[in-house]
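Hey, can you work out the whole structure from these sequences and the hints?
Under numbering that gives the first Met the number 0, think of the first position of the sequence shown as 0, with each following residue one higher.
Treat the hints with caution; some may be incorrect.
Stated by the list, open to error - The calculated SDA-like cross-link candidates involving lysine to any residue, where the alpha carbons are at most 20 Å apart (straight line), are:
| hint | residue 1 | residue 2 |
| --- | --- | --- |
| 1 | 293 | 223 |
| 2 | 293 | 265 |
| 3 | 293 | 271 |
| 4 | 176 | 277 |
| 5 | 176 | 159 |
| 6 | 274 | 300 |
| 7 | 176 | 147 |
| 8 | 274 | 291 |
To be verified - Restraint ranges, calculated between C-beta atoms of paired labels, are given here:
| hint | residue 1 | residue 2 | range |
| --- | --- | --- | --- |
| 9 | 223 | 190 | 44 to 52 Å |
| 10 | 223 | 288 | 19 to 27 Å |
| 11 | 104 | 249 | 41 to 49 Å |
| 12 | 304 | 101 | 39 to 47 Å |
Please keep in mind that the hints were generated in silico from the structure rather than gathered at the bench. Beta carbons are placed, not taken as given, at the ideal position from N, Cα and C, and that holds for glycine.
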Amino acid sequence: MSNSSLDSSVEKNSAERASSRRTKSWIAVAAAVVVVAGGAVAIATSQGGDSQRSGTVVTDAGGVAARTTIAVGGSSSCAMTTTNPAGAKCWGSNSYGQAGNFSTGGDLTSAVNVEVMQRVSAIAAGASHTCALGDAGPHVFCWGLNTSGQVANNTFNNQVAPQGVLIEPNNGFLTAKAISAGSAHTCALAATDLAYCWGNNGSGRLGNGLTTNSSRGVPVKDPGNSTQALPRVRAISAGGTQTCAISGDAGAAGQVYCWGTGYAATGTNTGITAKAVSVGNSHTCVVLADSSVKCWGDNAYGQLGNGS
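Right, here's the structure in full:
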C-alpha cells in the first residue's frame, strides 16, 4: 500500500453550532488511506454544489507525479514531486503567491514549480500559505499570504517565493524535522526537540503566552514553567485556532499540551497521554498508547465520531 498522505488545512466556520455539541468521545477508528497509483496525483471532488452528496469525480492533477505527500490548503494544493528538481509543485488559487513561483494573481489550472532551490522533505498548507522543509538543513521555507506573519520572514508582506523562516530572539533560520500548518499559523518541531510557531496568534494559538501575531517563529512555552520552552516535543499539530503537542520520552506515549481557543495562551496540560495528535478547525483527536482514539471539541458536524 502506498504511504502517500493527504494534509487538508481548510478552515470551516461552525461557530453557530459549536457551543451546543462539545463533548469528549472514545471511538474505534478504521483509517481510510488515499492511494496514489504509480505516484500520479488524482483529485476527488464532489459532484455539483450539494455538499451532502457522496458522489465524486476524480480528475488528474496537472500531470503531477507525487513523491510522498500532498498538502491541500484553502483554495490551492501543493505536492512533493519526483520529477521537479526543486521538489514541489503547486496549483489552484494564486491570489497571494501560493504557487511560490514569483507570480501572483489568477488561478493556476496546471501545476507549476515552486522556486525553492533544494529538494523538499515535507510540506504543509494553510488557508492561503504553504510551508515546506528542505533536505539541505533541513531549513523551513514558507510563501503566500503573510498579513499575519504566516511566512515568518520578519515582515507582514505577502511573499510570492519561498522565504526562510526566522526565529526569535536572534533572527536565525529555523531547522526542523516536522511541520504543521493551521489556517493562518504554522508550527514546527525543531531539530532541538523544541516547538516553534508563527503567524496569527488569536486566542494564543502560538503558545508563547501572548495574543499578538508574530512574523518570526516563537518558542512554545512550558505551561509548568512559563520562563522556559516546552521540552522534549515529539509531535505537533496546528489547527484552525488551536494547536496541540506531545511532550515526553521517545518510544512512549507522551503528555498532550494544547493552546489557543479554549486553552490558556501559555498552554494547558490536558491530562491525556498519547502517541499521536491531530487538530482540526475546532476539535482534536489523539491516538492513545493502546491505539484507541480519543476526540474532543466541537461536534456540530459529528467530528467526534461518537454517534451524537
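Outcome of the hint check:
| no. | hint | verdict |
| --- | --- | --- |
| 1 | 293 x 223 | 24 Å, violated |
| 2 | 293 x 265 | 23 Å, violated |
| 3 | 293 x 271 | 9 Å, holds |
| 4 | 176 x 277 | 17 Å, holds |
| 5 | 176 x 159 | 24 Å, violated |
| 6 | 274 x 300 | 26 Å, violated |
| 7 | 176 x 147 | 24 Å, violated |
| 8 | 274 x 291 | 10 Å, holds |
| 9 | 223 x 190: 44 to 52 Å | 23 Å, violated |
| 10 | 223 x 288: 19 to 27 Å | 22 Å, holds |
| 11 | 104 x 249: 41 to 49 Å | 46 Å, holds |
| 12 | 304 x 101: 39 to 47 Å | 43 Å, holds |
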